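J.: Sequence:
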Amino acid sequence: MSKLPFDDDPPAPAAPTAPAATAVPTVRTVPQVSASAAKGRFGETSPKAAPAASAGEGGPVRQVLTVSELSATIRDALETRFQQVWVEGEISNARLWNTGHLYFTLKDSASQIKCVIFRGSLRYLKFKPEDGLRVVARGKVSVYDVKGEYQLVCEHLEPQGYGPLQVAFEQLKKKLAAEGLFETARKRPLPALPRRIGLVTSIDGAALRDMVRVLRRRYPNAHLVISPTRVQGEGAAAEVARALKLVARVPHVDVIIVARGGGSLEDLWAFNEEVVARAIAAAPVPVISGVGHETDVTIADFVADLRAATPSAAAEMVVGRKDQFFAHIDRIGERLDAAMGNRLRRMESRLHLLEARPGYSGFPGRLAFRGRHVSELAAALRQGAGQVIGRRARKHELLRRALDQFDPRHRLGAIRTRLVARDGRLAAAARRRVTQSQSRLGSLAARLDGLSPLAVLGRGYAVTWDAARTRIIRDAATLRAGDAVSVTLQRGGFAATVTQVTNDE
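Here the working numbering is used: the sequence shown runs in plain steps of one and ends on residue 505.
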């Protein structure tokens with residue numbers, strides 16, 4: 001490994017410096033610099049190595065690097081030497097920035113290293129990196145030039161001791177449990193007689209055939225609403241959630257079964273996604289989870305209102321409610337019949353005891369006498385009520401006739417008649433007054449017309465004004481030749497200029 005020339009070589013004589021007023025360093029170029037002099041400590045040539053300067057002909061050579069160039073050299077050396085490493089440690093100070101990149105520190109009992117996993121790699125992790133989690137990180141060592149710190153750029157993380165899916169399962173389970181989605185209080189009971197049963201599963205899977213076979217055998221009149229979806233693979237969780245929302249919007253769906261056959265943890269992972277869990281929790285009707293076999297447990301099982309061991313068991317739970325309902329009705333009917341029989345027998349025994357008493361022998365006669373007395377009282381009551389009603393009716397008729405004499409409607413009729421007559425008289429007087437006024441107006445208009453100057457103008461006379469039409473010219477002596485005047489006729493007028501003034505005594 002070659003060494004940097006400025007580590008052991010004595011410094012070259014100082015070159016002439018610029019005046020103190022300028023702080024910009026000068027770069028001196030010396031031709032024929034050897035290739036070994038431009039190599040760094042790790043044997044790599046600096047990408048932007050500054051040209052070397054010599055103290056004189058054949059003297060020692062000194063290479064000057066900027067901080068950025070040195071950092072780039074170290075980064076290239078580290079990335080070349082440590083392109084892919086596996087590092088085990090505990091995560092601490094994990095922070096997710098708004099850019100989507102996750103920055104954290106990987107440490108053990110003696111040392112620590114700063115790490116970063118970029119957004120593109122982070123979205124492929126099945127679990128969320130958090131403080132205190134021991135992981136094995138795969139990545140390359142690089143240098144953060146801005147701060148001169150070396151760091152591990154992670155491309156993949158694996159939890160130590162647990163698989164990534166298991167860690168993601170536990171994290172999501174803890175999160176949803178803290179929100180109360182697993183609480184027993186929010187679990188809804190299954191309907192007694194579901195009219196429509198929604199099925200969310202794969203259209204090609206054996207789970208659908210098993211559920212349909214069980215439901216048709218035990219509940220032939222069930223109305224099934226199937227919402228097909230993928231139950232495995234990338235994007236299957238979003239499709240399951242969408243299928244749940246679609247079937248929940250169908251009118252009169254009373255219960256929904258989310259089902260899938262058995263498989264590995266990876267095969268069942270769609271039912272461990274948060275989007276499916278929240279879709280089950282948001283369903284407006286009870287949801288039964290029939291995912292996998294008896295030993296398979298998913299997040300959907302915890303959120304659902306009821307968990308079934310298999311899809312067939314889920315179908316039996318729905319149908320079993322109907323069987324239990326009918327059996328309960330039968331038991332209640334049998335208990336009701338037995339209670340009614342016992343009650344009748346007790347009443348018959350009591351009746352026989354009453355009939356055997358001595359006082360009962362004259363009871364029918366006394367009962368008939370009481371019935372006759374009741375009839376007589378009812379007849380007297382009807383007669384008395386009729387008499388009272390007749391007196392009240394006669395009194396009402398007398399009061400009605402007395403009120404008719406003071407009925408305001410009669411007085412209003414007389415007043416209306418007088419108003420009509422006076423209205424006619426008022427209209428006639430008004431017409432006479434208008435005629436008189438029109439005659440007087442005509443005579444006054446004739447007199448005004450005779451005195452109007454316009455009538456005088458109509459006989460051929462004219463009115464002469466000064467040029468500003470502010471003064472009427474009555475004396476020719478007030479005018480001079482060349483003055484402008486305005487003349488008003490009966491119709492219109494004109495402007496004129498005085499050419500000669502004649503004073504007529």
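The set of hints was computed from the structure by calculation and includes no laboratory data. Only a predicted model underlies this, so the values are computations on that prediction, with no experimental measurement involved. A few of these clues could be false.
With beta-carbon atoms standing in for the labels, derived distance ranges [as the list claims (entries may be wrong)]:
hint : residue 1 : residue 2 : range
1    : Gly450    : Arg474    : 45 to 53 Å
2    : His156    : Glu183    : 32 to 40 Å
3    : Glu294    : Leu193    : 26 to 34 Å
4    : Leu193    : Gly235    : 32 to 40 Å
5    : Thr80     : Gly235    : 35 to 43 Å
6    : Gln500    : Arg474    : 36 to 44 Å
Heads up, simulated DMTMM-like pairs for lysine to aspartate or glutamate below, C-alpha to C-alpha not over 20 Å straight-line [as the list claims (entries may be wrong)]:
hint : residue 1 : residue 2
7    : Lys173    : Asp305
8    : Lys128    : Glu273
9    : Lys126    : Asp305
10   : Lys187    : Glu130
11   : Lys174    : Glu239
12   : Lys174    : Glu274
13   : Lys126    : Glu183
14   : Lys140    : Glu239
15   : Lys173    : Asp254
16   : Lys174    : Asp305
For glycine and all other residues, C-beta sits at the position ideal for the given N, C-alpha and C.
J.: A separate judgement is required for each hint: does it hold in the structure or not?
T.: Hint by hint, here is what the structure shows:
1. Gly450 - Arg474: 45 to 53 Å: violated, 22 Å
2. His156 - Glu183: 32 to 40 Å: holds, 36 Å
3. Glu294 - Leu193: 26 to 34 Å: Given a distance of about 28 Å, which is inside 26 to 34 Å, the answer is holds.
4. Leu193 - Gly235: 32 to 40 Å: holds, 37 Å
5. Thr80 - Gly235: 35 to 43 Å: holds, 39 Å
6. Gln500 - Arg474: 36 to 44 Å: Once the Cβ atoms are compared, 18 Å apart, the range 36 to 44 Å for arginine 474 and glutamine 500 is violated.
7. Lys173 - Asp305: Holds: lysine 173 and aspartate 305 sit about 16 Å apart, inside 20 Å.
8. Lys128 - Glu273: holds, 13 Å
9. Lys126 - Asp305: Distance of about 26 Å is beyond 20 Å: violated.
10. Lys187 - Glu130: violated, 31 Å
11. Lys174 - Glu239: violated, 24 Å
12. Lys174 - Glu274: holds, 12 Å
13. Lys126 - Glu183: violated, 25 Å
14. Lys140 - Glu239: violated, 37 Å
15. Lys173 - Asp254: At roughly 27 Å apart (the allowed maximum being 20 Å), aspartate 254 and lysine 173 break the hint.
16. Lys174 - Asp305: holds, 18 Å
In summary, the numbered hints that this structure violates are 1, 6, 9, 10, 11, 13, 14 and 15.
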